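Q: Read off the chains here:
There are 4 protein chains.
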Amino acid sequence: MTKKINVGIKGAAGYTGGETLRLLLNHPHVDVTFLESRSQSGKPVTSVHTDLVGETDLTFSTDFNKPIDVLFLCLSHGESKNLLAKAHFPSTTRIIDLGNDFRLGDTASGREFVYGLPELQRDKIKTAKNIANPGCFATTIQLGLLPLAKAGLLKEVHTTGITGSTGAGQKLQETTHFSWRANNISAYKALTHQHLGEINQTLKSLQPTFSEDVNFIPWRGDFARGIFVTSILESNLSLEEANELYKEFYASHPFTHVSDEIIDLKQVVNTNKCLIHLEKVGKKLVIHSITDNLLKGASGQAIQNMNLMWV
Amino acid sequence: MTKKINVGIKGAAGYTGGETLRLLLNHPHVDVTFLESRSQSGKPVTSVHTDLVGETDLTFSTDFNKPIDVLFLCLSHGESKNLLAKAHFPSTTRIIDLGNDFRLGDTASGREFVYGLPELQRDKIKTAKNIANPGCFATTIQLGLLPLAKAGLLKEVHTTGITGSTGAGQKLQETTHFSWRANNISAYKALTHQHLGEINQTLKSLQPTFSEDVNFIPWRGDFARGIFVTSILESNLSLEEANELYKEFYASHPFTHVSDEIIDLKQVVNTNKCLIHLEKVGKKLVIHSITDNLLKGASGQAIQNMNLMWV
Amino acid sequence: MTKKINVGIKGAAGYTGGETLRLLLNHPHVDVTFLESRSQSGKPVTSVHTDLVGETDLTFSTDFNKPIDVLFLCLSHGESKNLLAKAHFPSTTRIIDLGNDFRLGDTASGREFVYGLPELQRDKIKTAKNIANPGCFATTIQLGLLPLAKAGLLKEVHTTGITGSTGAGQKLQETTHFSWRANNISAYKALTHQHLGEINQTLKSLQPTFSEDVNFIPWRGDFARGIFVTSILESNLSLEEANELYKEFYASHPFTHVSDEIIDLKQVVNTNKCLIHLEKVGKKLVIHSITDNLLKGASGQAIQNMNLMWV
Amino acid sequence: MTKKINVGIKGAAGYTGGETLRLLLNHPHVDVTFLESRSQSGKPVTSVHTDLVGETDLTFSTDFNKPIDVLFLCLSHGESKNLLAKAHFPSTTRIIDLGNDFRLGDTASGREFVYGLPELQRDKIKTAKNIANPGCFATTIQLGLLPLAKAGLLKEVHTTGITGSTGAGQKLQETTHFSWRANNISAYKALTHQHLGEINQTLKSLQPTFSEDVNFIPWRGDFARGIFVTSILESNLSLEEANELYKEFYASHPFTHVSDEIIDLKQVVNTNKCLIHLEKVGKKLVIHSITDNLLKGASGQAIQNMNLMWV
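Protein chains in written order, with my numbering: chain C, 101 to 411; chain S, 101 to 411; chain Y, 101 to 411; chain A, 101 to 411.
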């Protein structure tokens, strides 16, 4: 590949913006054209993403109407749709939206978005014009269930997931105040988490008869990065059959691995991997799946999608 | 009360031994007669329980055959039964076993043990000669389910619980190595945790027809103290009915409270409390329950039981 | 003591207010008359200090003009002086100010304040009308140096101290955002920390010839509670002489102990203790001192001062 | 570069072995020939370095006598010297020792070692046959002092440093037990840390008249990775002069940066960077320097040295 991919980030001062930038700066085939941020315009990016000191002299700007190949939208939920309703980008600019505006089939300015979970639909991503990047919990839960849904074996699922504080973003909140969150655990949005929409959409696309619930309990963890999920459901598969099903499903996917050994969250933190471990006890199949919420759960998967579009 | 209660601890150098001692030293009606430890005999207790510096001059000894009113057994699982098979204590000495040897009805040297969960059977505890103190996960899970079982409303339950590292004791292990456990989450003993025995025993005693599973997934947390549990089951109760049921059940129990507000683990750490919070979504009842694993889950409940026996 | 001490807290919704309340609720000789908070008036205190659920039915109010024996001021720095310039309290009401307004000899409405470090001047505290409660770093550093200053042996000191996040209070700030502070260390106010004023005032009162610097580097720690300080200076004392000096100095002080063993922060967290450990290497004396910033460094010491006034 | 560098690691199952391997697997010009470990021989490396699942199929072996270009010694202190006294490696094999056996000029089997601090002596490293890789605290402290020593401006220094638990290695110890270390701070080896030897050797090589002490107090931190150091000394330099001195010194060194903004540890964790920030208060110059103890303080610097030898 000789010509570089020119990219821009809108909303570059937040956590997913910074993480996307960190990956792009180290990408051998990418040139970063602009880093848009209303709140930080004019400042060096290293004043916000201080871990990048020594790696870049770029500054934030409010200008984002430069010709680029890929635009990453790292905005609050709802803002991407507003932006596309107002701003007009050349049809040759591909958009990767890290928010949740287009994950359920919505369009804007005639742009259609492909749901960017490579393990679900890599071929569609390769030819997509626009990508709706999956949510972090949604990615981790789906990767734990895709092979079963594909095989039509999904039943009612009970899922608990715990997430790092970076999932709540950069905004100061009581639930991200250090004195409160350190050594603390809490539950939120029990059975009503917004990612259930995209999870159910995927599962029903693979197993149209699936009409049961994914009963999802999210917890806030006392750590900064990572998601640990355990799902449990009834299954007639033996452990061997389940492992075979999963390993075959993920054989060609470089970032998702089925581990015969028990897994722990730090195996995937700071990587784009998803690890899965299965257990069978009586009639119940237990599925543990883990990711880094900012990488495979956000920015890493966004770059993975970009790479797939440019292969 | 004029005469002090004379107490001894066997296995006083471990975490539950130290926590029990800390409470006893501050108990207005207790004299500590001996602190037995094979490994630390002859050493000041402050050399092991260093947080007690300035509070006691006691030393560990191997002698535990002094006349006392209450003997706390803070031993590894299995050791209490071995001890009682060999050593003979006066029948006037009451025994509170913090291990799991006598929770399922086993006896030793003719001693019968009452399961020491005050919210389940306070009156039996008051007249008990010997107490089998409940396990930490078992306490937290049961307190979340007792009112339903008492009302005969229990159905299949899905429970996830996360525990602090002190639950694994003082012994150096890979899963309690700081570099591994910091910022890490992992699952263990999925659906097979040893506390399921005492949990099911209790639930079936209250609701004899209950034959479903308590599907319990334990997680290791990256914090030192506390247990957070979320249980979920189908229920026809409205949220109001459920809250009324729980509040009535716990009205006379000073350490267990039903909170109308969401709860977080640190509310109970370093206390003997259990807090419970209920949610209802569709047909599902969600029950969050939290304790400090070393207090309400072990030493605190042991002292609570002693207090009940001496009222 | 038959008659209860009637107390009130102004600024009861913050961290030191809550910690003071927690101690007062468990104090056998105290009745809490009011809990003033502008921001939380009308709400139950358990809605803010959620760890007190089940322990109190008190609510916050804006009224603080009720007759009381002791008023605890738990306000932002500067607010106590403003308050006393406007509000008039009966001369029989003793005031304990946890802020830094009166530590350096300032007065308000004719009220003089005694600097409330019991290990420095217990007798003055016993007869004081008003107390200026010391700062958290100031307490920990001074307790490490008092015996040397008393003996006239102080020379230039180099001190590094690390503090838990609760020292920065309840207000949401970038440096107390969990995603930033977890696993992070940073320095601030190098050589210019505001506690140096009260530290130098004390040291010079004991050793008037002391004109060297206490070179104090404060660090922010990635934990919620506690202060660890190491001070180093040249000394002709042998280790034995130094230990003798320190142990004699603190012999009658129940909360400050000189440990022959190395110390670690968690020995004092959740207690009102200060532990000190000395080392001698070549000509240098090394002094480690530790406290809980919210207890011996704030609310605990405030209650200690109240107790001394009422003995 | 067409021909790959063939490398082997002896002691590949420990923390520095694993971290070195992780970097080598992602190095575009390296082939890993063997991974020696006595304790783990025959096992897949992913069973020990579980974060590498999906990245390598290599197994540990006891064989390390294969022809290679670079041998990394990731052994306990003292073992490298023992090894070289017994085993004979071709003179064409360059050795990078991550232990402390050869940092002070010792030789073995006629091999001389160049102290591998690139910011001190990059040119010597480029032509070295063998490298003694600096210690983690030694690296961080020296990088904070090199420009002053080079300019002959060093005076007595007071240094405090805090380190992550990975600095203590993989071995289970009481001071790395999670229940002890979480939220805890402690001091150790005050003024006697073993890295003072290499620190003083470097400083005196640059400023031969320097005969004062580097008074170094090491602390154990409650985090896994990183070192934060603050050094303080008298200086006649203004802040501007000091910054100019430091920036000029490090201008050509890609991993060490002088920041005009305050710095915090997480800026460098998971990178090979050292960041430095200067402050001037009165006559005192304050120097903060930070690294990741496993990268710039160990494995990262080892790879940096290898790269310099192969440029």
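The hints are simulated quantities; they were obtained by calculation from the structure and are not laboratory data. There could be a bad hint or two in this list.
[Unchecked claim] If you only want the chain C side, here are some residues facing chain S, beta carbon under 8 Å, derived:
id : residue
1  : Leu-204
2  : Ile-262
3  : Ala-290
4  : Gln-294
5  : Leu-296
6  : Asn-315
7  : Phe-349
8  : Leu-365
9  : Lys-366
10 : Val-386
[To be verified] With a cut-off of at most 27 Å between alpha-carbon atoms, the simulated BS3-like pairs for lysine-lysine come out as follows:
id : chain 1 : residue 1 : chain 2 : residue 2
11 : S       : Lys-143   : Y       : Lys-347
12 : S       : Lys-304   : C       : Lys-384
13 : Y       : Lys-380   : A       : Lys-255
14 : Y       : Lys-289   : A       : Lys-186
15 : A       : Lys-224   : A       : Lys-104
16 : S       : Lys-289   : C       : Lys-380
17 : S       : Lys-255   : C       : Lys-380
18 : C       : Lys-289   : S       : Lys-384
19 : C       : Lys-304   : S       : Lys-289
20 : S       : Lys-289   : C       : Lys-255
21 : S       : Lys-380   : C       : Lys-289
22 : C       : Lys-289   : S       : Lys-347
23 : C       : Lys-143   : A       : Lys-347
24 : Y       : Lys-347   : Y       : Lys-289
25 : A       : Lys-143   : C       : Lys-380
26 : A       : Lys-181   : Y       : Lys-384
27 : A       : Lys-186   : A       : Lys-271
28 : C       : Lys-347   : C       : Lys-383
29 : S       : Lys-289   : C       : Lys-383
30 : A       : Lys-383   : Y       : Lys-384
31 : Y       : Lys-380   : S       : Lys-143
32 : Y       : Lys-255   : A       : Lys-383
33 : A       : Lys-103   : A       : Lys-226
34 : C       : Lys-250   : C       : Lys-347
35 : Y       : Lys-255   : A       : Lys-226
36 : C       : Lys-226   : C       : Lys-104
37 : S       : Lys-380   : C       : Lys-255
38 : Y       : Lys-255   : A       : Lys-289
39 : C       : Lys-104   : C       : Lys-166
40 : Y       : Lys-255   : A       : Lys-380
These numbers were taken from a predicted model, which means no experiment stands behind them. A virtual CB, placed ideally from N, CA and C, is assigned to each residue, including glycine.
Q: If a hint holds in the structure, say so; if it doesn't, say that too.
A: Consistency of the hints with the structure:
no., hint, in the structure
1, Leu-204, "violated, 20 Å"
2, Ile-262, "holds, 6 Å"
3, Ala-290, "holds, 5 Å"
4, Gln-294, "violated, 14 Å"
5, Leu-296, "violated, 11 Å"
6, Asn-315, "holds, 6 Å"
7, Phe-349, "violated, 21 Å"
8, Leu-365, "holds, 4 Å"
9, Lys-366, "holds, 5 Å"
10, Val-386, "holds, 5 Å"
11, S:Lys-143 <-> Y:Lys-347, "holds, 21 Å"
12, S:Lys-304 <-> C:Lys-384, "holds, 22 Å"
13, Y:Lys-380 <-> A:Lys-255, "holds, 22 Å"
14, Y:Lys-289 <-> A:Lys-186, "violated, 54 Å"
15, A:Lys-224 <-> A:Lys-104, "holds, 23 Å"
16, S:Lys-289 <-> C:Lys-380, "holds, 11 Å"
17, S:Lys-255 <-> C:Lys-380, "holds, 22 Å"
18, C:Lys-289 <-> S:Lys-384, "holds, 13 Å"
19, C:Lys-304 <-> S:Lys-289, "violated, 31 Å"
20, S:Lys-289 <-> C:Lys-255, "holds, 23 Å"
21, S:Lys-380 <-> C:Lys-289, "holds, 11 Å"
22, C:Lys-289 <-> S:Lys-347, "holds, 23 Å"
23, C:Lys-143 <-> A:Lys-347, "holds, 21 Å"
24, Y:Lys-347 <-> Y:Lys-289, "violated, 32 Å"
25, A:Lys-143 <-> C:Lys-380, "holds, 25 Å"
26, A:Lys-181 <-> Y:Lys-384, "violated, 34 Å"
27, A:Lys-186 <-> A:Lys-271, "holds, 26 Å"
28, C:Lys-347 <-> C:Lys-383, "holds, 21 Å"
29, S:Lys-289 <-> C:Lys-383, "holds, 16 Å"
30, A:Lys-383 <-> Y:Lys-384, "holds, 22 Å"
31, Y:Lys-380 <-> S:Lys-143, "holds, 25 Å"
32, Y:Lys-255 <-> A:Lys-383, "holds, 17 Å"
33, A:Lys-103 <-> A:Lys-226, "holds, 18 Å"
34, C:Lys-250 <-> C:Lys-347, "holds, 13 Å"
35, Y:Lys-255 <-> A:Lys-226, "violated, 47 Å"
36, C:Lys-226 <-> C:Lys-104, "holds, 18 Å"
37, S:Lys-380 <-> C:Lys-255, "holds, 22 Å"
38, Y:Lys-255 <-> A:Lys-289, "holds, 23 Å"
39, C:Lys-104 <-> C:Lys-166, "holds, 15 Å"
40, Y:Lys-255 <-> A:Lys-380, "holds, 22 Å"
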